[in-house]
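One line per chain: the protein sequences are A and B, in this order.
For the first sequence, position 34 matches number 34 in our numbering, and the numbering has no gaps at all.
For the second sequence, position 7 matches number 1007 in our numbering, and the numbering has no gaps at all.
One or more of the hints may lead you astray.
Cut-off 16 angstroms, straight-line C-alpha distance, at most; resulting in silico cross-link-like pairs (EDC-like, lysine to aspartate or glutamate) [what the hints assert, rightly or not]:
#  : chain 1 : residue 1 : chain 2 : residue 2
1  : A       : K292      : A       : E49
2  : A       : K38       : A       : E49
3  : B       : K1017     : A       : E12
4  : A       : K198      : A       : E321
5  : A       : K163      : A       : E49
6  : A       : K198      : A       : E57
7  : B       : K1017     : A       : E233
8  : A       : K198      : A       : E165
9  : B       : K1017     : A       : E190
10 : A       : K163      : A       : E321
11 : A       : K38       : A       : D94
12 : B       : K1020     : A       : E57
13 : A       : K164      : A       : D117
14 : B       : K1017     : A       : E52
15 : A       : K163      : A       : E129
Please keep in mind that the hints were generated in silico from the structure rather than gathered at the bench.
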Amino acid sequence: MNQLRWDPTLREWVAYATHRQDRTFLPPAEYCPLCPTKPDGFPTEVPRESYEIVVFENRFPSFTPDAALQDGEGSPLTPVAPGRGVCEVVLYTDDHDATLAALGEERIRGLIEVWADRYGELGSQEFVEYVFIFENKGEEIGVTLNHPHGQIYAYTFIPPRPKKELEAAREYHGEQGSCLHCDILSQEHEDGRRIVAKGEHFTAFIPFYAHFPYEVHLYSRRCAPSIQDLSPEEQWDLARVLKRLLMGYDALFGFSLPYMMVMHQAPTDGEEYEGVAHFHIEFYPPNRTAEKLKYLAGSETGAGVYVMDVLPEASAEELREKVEGAGS
Amino acid sequence: MTSRTGREEEIRMEREKETKDDGRYIIFYTFANEEKEES
């Protein structure tokens, strides 16, 4: 059952997908459903002996293209809607033990091309208003399969966080006549203290207002609305900066750092987002030290106020040293 | 299957879309001249 229920107090949808309770949970490596299917081996999700990058529809989707409305649920105050959408799994490599950080630049460049392809194809469907590309990495984040992979959700609506960001950017553009993200990036370049990696076309920095100790935003220097708008040169630079950043993350505490990686870009609802949407990637690692995690507790979850115990300038300096060291 | 070629900095990507036994689609992406992975 895939159903959306409207929360009138926060004015946002909550998705229910009850079948996901039964999904595969941290199987041993020899029974990984994301590995290739070996001769005489058990059939995995990928019916080939090897592969480069694979995308397939999630077996346990949060949203489905043919979701139907259930009778007898909802009210004018709390309406329901079909949990319609598309959920895809993106396999980065057939090497079970790899990570995105460990892939070569060529493969990451290929992955960027795949992400752009999925953005275009999913976004062209009339019911899809937002293509959300993301990766949950590490058991601390709640992953159920350790094989290196990401996910894509094609929503029938613009999700609350990107929507809030787009509304702020549109209002700013109306008042100032410039792109909010371009101006944030200019301010970060001028200050310099929070920058952790720079390429020719992309800059990674811990924002002045970071919500996690090692939260990094990776911005395209040019105001490109989506990943599909990047030039080949920009895609190559993104691959290089992304790899350097992830290698720095892994060097930070001496282990493969868990994180959430999400992409914010232009919705696919047919509206105009030039100068408003600015393609960027945000990373939220949960660690505040090697042993301690940043939990979303009472203030963060119940009040929406993040309380931080380290300044972005300090954590950026620490991470920048690791990024520079990892790239040498 | 589609392929994309072009400027020097572009990569050649090919995709094959198939349907799995349960009706879900799966897409295989391959790339020309990819260097061997580091991992």
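How the hints compare with the structure:
1. Between A/K292 and A/E49, the direct Cα distance comes to roughly 40 angstroms. Violation of the 16 angstroms bound is thereby established for this hinted pair.
2. Between the alpha carbons of A/K38 and A/E49 the distance comes to roughly 5 angstroms, so the proposed pair stays at or under 16 angstroms and holds.
3. Our distance criterion of 16 angstroms between C-alpha atoms is broken by B/K1017 and A/E12, whose separation comes to about 35 angstroms.
4. Pair hint A/K198 plus A/E321 holds up; C-alpha atoms about 13 angstroms apart against a cutoff of 16 angstroms.
5. With a C-alpha separation of about 42 angstroms, the suggested pair A/K163 and A/E49 falls outside the 16 angstroms cut-off, and the hint is violated.
6. Our distance criterion of 16 angstroms between C-alpha atoms is broken by A/K198 and A/E57, whose separation comes to about 35 angstroms.
7. This hinted pair does not check out: B/K1017 and A/E233 have alpha carbons roughly 27 angstroms apart, beyond 16 angstroms.
8. Distance restraint check for A/K198 and A/E165: the Cα-Cα separation of roughly 24 angstroms exceeds the 16 angstroms cut-off, and the hinted pair is therefore not satisfied.
9. For the hint pairing B/K1017 with A/E190, the CA-to-CA distance comes to about 47 angstroms; that exceeds 16 angstroms, so the pair is violated.
10. Using a Cα cut-off of 16 angstroms, the hinted pair A/K163 and A/E321 is violated, with the two alpha carbons roughly 34 angstroms apart.
11. Of the supplied pair hints, the one linking A/K38 and A/D94 holds, its CA atoms being roughly 11 angstroms apart against a limit of 16 angstroms.
12. Proposed proximity of B/K1020 and A/E57 is supported: the alpha carbons are some 10 angstroms apart, at most 16 angstroms.
13. Distance check on the hinted pair: A/K164 and A/D117 sit about 26 angstroms apart at the alpha-carbon level, beyond 16 angstroms; violated.
14. Of the supplied pair hints, the one linking B/K1017 and A/E52 holds, its CA atoms being roughly 14 angstroms apart against a limit of 16 angstroms.
15. This hinted pair checks out: A/K163 and A/E129 have alpha carbons roughly 11 angstroms apart, not beyond 16 angstroms.
Of the numbered hints listed earlier, those contradicted by the structure are 1, 3, 5, 6, 7, 8, 9, 10 and 13.
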